[in-house]
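Required output: the full structure, derived from the provided sequences and hints.
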Amino acid sequence: MHISGSMTLPRELEIRDGRLVQNPVREFENYRINQVSYKDVVLEGELSLEGISGRVFDMVVDVKAAEDDSFIDFSIILGKNEKHNAIISYNAKTQIVEIDREHSGGRFDVVHTRKFKVFDKGGSIRMRIVMDGDSVEVFINDGEQTATFLLYSPVEADGISFVSTGKAVMQVEKYEIRREDR
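So the sequence shown is numbered by our numbering: it starts at 29 and just counts up by one.
Derived by calculation from the structure, the hints in this document are not laboratory data. Glycine included, C-beta positions come from ideal geometry on N, C-alpha and C. Every clue listed holds true.
The calculated lysine-lysine pairs, modelled on BS3-like cross-linking and capped at a C-alpha distance of 30 angstroms, are: (1) K143 <-> K67; (2) K143 <-> K111; (3) K67 <-> K121.
FRET-style restraints, in silico, Cβ to Cβ: (4) G161 <-> E78: 14 to 24 angstroms; (5) I100 <-> D68: 11 to 21 angstroms; (6) G161 <-> S76: 19 to 29 angstroms; (7) S76 <-> I205: 17 to 27 angstroms; (8) E110 <-> V53: 31 to 41 angstroms; (9) F147 <-> K111: 34 to 44 angstroms; (10) P38 <-> I100: 31 to 41 angstroms; (11) R142 <-> E40: 16 to 26 angstroms; (12) E95 <-> L75: 14 to 24 angstroms; (13) I43 <-> K111: 41 to 51 angstroms; (14) V69 <-> I205: 16 to 26 angstroms; (15) V84 <-> K111: 18 to 28 angstroms.
Rendered as structure tokens:
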């Protein structure tokens, strides 16, 4: 049997509307460098954005339906190359987030997908994704839901793309993470 553990970012915990909320400690933002931002990107199909790639980053993505309200599914594909990827997807109708790392290079017989329902925000969602090499942490809707997982793909698999079924509008803010010499 193989057991895989991972350390996570230090988190601030708070109770909001009777629910536990988790976010990275505020001090983590002091390590953000090289900001890349996109506003009001209309997305239908798959799209990669210049400056949005890597394996060590802190990225916030906000997605909502376009005016014609045709948005159904939205996905972020991480750790991407011609052979590998991990997918974080959101279905606006069911409010289900699914993490699928079936093609992320895992060499073990483990569960590769995880699904969980998020609180309804009128079909919109905010995802903060912090990736540090092989470790990925996802904070949904300002910490209302969280997930942590590992990618086993080679570090060269550093592509990121966005996919929408139906028309969505997204905002993306991505930072590289400055590392301290160890």
